[in-house]
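Chain E is fixed; fit chain D onto it per the hints.
Just so you know, the sequences run in chain order E and D. The first sequence begins at 345 in our numbering and counts up by one. The second sequence begins at -1 in our numbering and counts up by one.
Simulated from the structure, these hints should not be mistaken for laboratory data. Values in this document were obtained by computation on a predicted structure and should not be read as measured data. Backbone N, C-alpha and C define an ideal beta-carbon position, used for all residues, glycine too. Hints should not be assumed to be uniformly reliable.
Claimed, not checked - Derived DEER-like restraints, expressed as beta-carbon distance ranges: (1) D:92 to E:465: 52 to 62 Å; (2) D:102 to E:446: 57 to 67 Å; (3) E:357 to D:98: 24 to 34 Å; (4) E:375 to D:102: 25 to 35 Å; (5) D:71 to E:400: 20 to 30 Å; (6) D:117 to E:357: 35 to 45 Å; (7) E:357 to D:71: 29 to 39 Å; (8) E:354 to D:30: 31 to 41 Å; (9) D:102 to E:354: 48 to 58 Å; (10) E:503 to D:92: 56 to 66 Å; (11) D:71 to E:398: 21 to 31 Å.
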Amino acid sequence: MSIELGEVLDLLMRIGSGEEGARAEPRSQDEDVAALVVGLNMLSEELDHARGMRAEAERSLTDAREAYDLTPALLCSVDARTLRIVRVNDTFVRAVGVERDALLGRDIVSMFVERDRAVAERALRDVAAGARDTIPELTLDRRGGIQVTTTASLSDDQTRIRIVCSDVTRERQLESQLLQAQKMQAVGRLAGGIAHDFNNLLAVILTSTSFARTAAPHGSRVVEDLATIEQAAQRAAALTSQLLAFSRQQVIRPQQVEVGLLVRDTERMLRRLIDESIELTVVVRDGPLSVVIDPSQLTQVLINLVVNARDAVDGRGRILIEASRVVHDETYAATQLHATPGPYVLLAVSDDGVGMSPDVLGQIFEPFFTTKDAGHGVGLGLSVCYGVVQQASGYIVACSEPGEGTTMKVYLPQVGEAAAIVADEAGPSPGGHESLVLVEDEPSLRRLMTRVLEDTGYHVVAFANGAEALEHVTAQDAPVDLLITDVVMPQMDGHELATQLRERERIRAVLYVSGYTSTGIVRHGVLPEDTAFLSKPFTLDQLLRAVREALRP
Amino acid sequence: MELGGARVTLDAKGIFVVTHAPQSVLDVELARKILDAHARLAAGRRTPVLVDARGVRRADREARVLVAGQEVAVNASRLALLVGGSVSAVIGNFFLRVSRPAYPTRVFSDLDEARAWLLAGAS
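Next up, chain E with everything else stripped away, as it sits in the complex:
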């Protein structure tokens, strides 16, 4: 073999081994050999170009995959004939709280809540037939309860339906809160208007009655009748005063009030309001707890809440009043129409009474709504609380389940020096790598908690109810490090779930989470003493610290 051909072969070997930029100089006098070198140079250049194109395509594919998984939309592809899932993005997996492997091959229709399944199937069949590309607003079930708006499109080869869901759960919750707030505002305006007119009329009645009494013969029957009219008018005036309080039109004298002191000062009077058979406990923490409010109004709020609690326990039970400080972070504040980020004073009144259904809960602040028997209140107590708290830039939340008691939480913006202390703990929020099982029936909160815990390194599997969690955890090879569970849930409550898992030695620790206050839930016998507990609402930092604390051996 000639030297020149050797050089050609060498170039060929370099090209064959994938060397980038493999070139040779066509020095040969032999025309064919020189042509070969020129040709191989061009071939090598084409290969370099193709490699560059391929690398670029791979980068684009990686970008597209990342975008597919990172987009906030829930993306899912299903087989157009069977409607079984063939592909989902990470957002979908996280949102529904089911492992990807368990999702693939599953009927997408079964992912929706039962009432939506027929609609979902019909709509998707229409999409498969090319008849439509939008689907009504549906709710994802399973580990979901996620309200989604959905668009769907058929792939070009008509074998797959691409489904794009946008999670609108939070928007719907805020809309619902806004509607409720608008309704209360309208009712308040109406009540306030009536109360003003009534006040004028009552002033005329009371003044005229007074004049008439002066003119009437002393000791006559007319004087007695006039006294009856006067008493009735004064009762009516008291009612209009409450209506004005509800409609936030009452004349108030706001000042800085230390809630802890006010609660302590009111305690004796409150004890007189309730039967001796009812146990009243007062807990004040995290003082000083300063807010700006008319103190007489706050006292009225406290009285109204305690009276309601008294009526709920019906002669025998426990009432707990708690005052403490909470800090709303931006994430939590975004879920509450009236909340803003920052420190609040929480005044909570809990009872272990009959509790309320969701329907009743939706109406309790409306004026003249009452579940009490005739003669036991006119249905203005909570309306007054609502108006007073709103007038002080706070808000009030009711947490109740039938048979599980009620907690009424009043949040008032904290002011003064104490307000500057916004965090209980210093230093960065702690994370970890332990395995966690989260059980929370409120979908948006479940998703938020999952995200936060995963972002800080934990391995989280989330469930919407205790039964599913029990089944999953029992089937696992190794016990999980921590069960984080809501306490009050339909079917199986958190304590029962934890008890069963402990008996089976499937969990190492438990952290209970509840809208009820910790003291309340322990005292009501729902949970044992020395229980790791996190009260809602909580900041993300508080969640992480509570988890770390619960994991501590």
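Only chain D this time, still in chain E's reference frame:
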């Protein structure tokens, strides 16, 4: 017309002839000059093109992509590529398949055959 590395003319038969100098390099700059010259000489007509590439030592990819594209097709009715021998012809044909010019193109190692093919297409 000398373009530095190549000479171009429009011959009596209306063929645009490009003759690359010995040991020349066809880069995108030269390719652009050739295209511009062709446009000027053709004056709006589509002409056959004869490229004598026997002196080309290297043809950059960017230049190859340019001359295979639509820009040439505007003025070229067909193109004959004249190479030095059978090996060059094989290589030339291989790259024609790779670059797929936007106009009829053939590789020749014989000048007369190349001219005949070009003129046959013109008639």
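Each hint, compared with the structure:
Take residue 92 (chain D) and residue 465 (chain E): their Cβ atoms lie about 56 Å apart, and the range 52 to 62 Å holds. Checking the proposed 57 to 67 Å range against residue 102 (chain D) and residue 446 (chain E) shows it holds: the Cβ atoms sit about 59 Å from each other. A hinted range of 24 to 34 Å for the beta carbons of residue 357 (chain E) and residue 98 (chain D) is consistent with their spacing of about 29 Å. Distance hint for residue 375 (chain E) and residue 102 (chain D): a CB-CB separation of about 26 Å, consistent with the stated range 25 to 35 Å.
In this structure, residue 71 (chain D) and residue 400 (chain E) meet the distance hint of 20 to 30 Å, their C-beta atoms being roughly 27 Å apart. Between residue 117 (chain D) and residue 357 (chain E) the C-beta distance comes to about 44 Å, which sits within the given range of 35 to 45 Å. Our hint of 29 to 39 Å for residue 357 (chain E) and residue 71 (chain D) holds, since their Cβ atoms are close to 38 Å apart. At roughly 34 Å, the beta-carbon separation of residue 354 (chain E) and residue 30 (chain D) lies within the given 31 to 41 Å, and the hint holds.
At about 37 Å, the CB distance of residue 102 (chain D) to residue 354 (chain E) disagrees with the hint of 48 to 58 Å. The beta-carbon spacing between residue 503 (chain E) and residue 92 (chain D), approximately 38 Å, falls outside the hinted interval of 56 to 66 Å. Restraint check, residue 71 (chain D) to residue 398 (chain E): a C-beta distance of roughly 28 Å satisfies the suggested window 21 to 31 Å.
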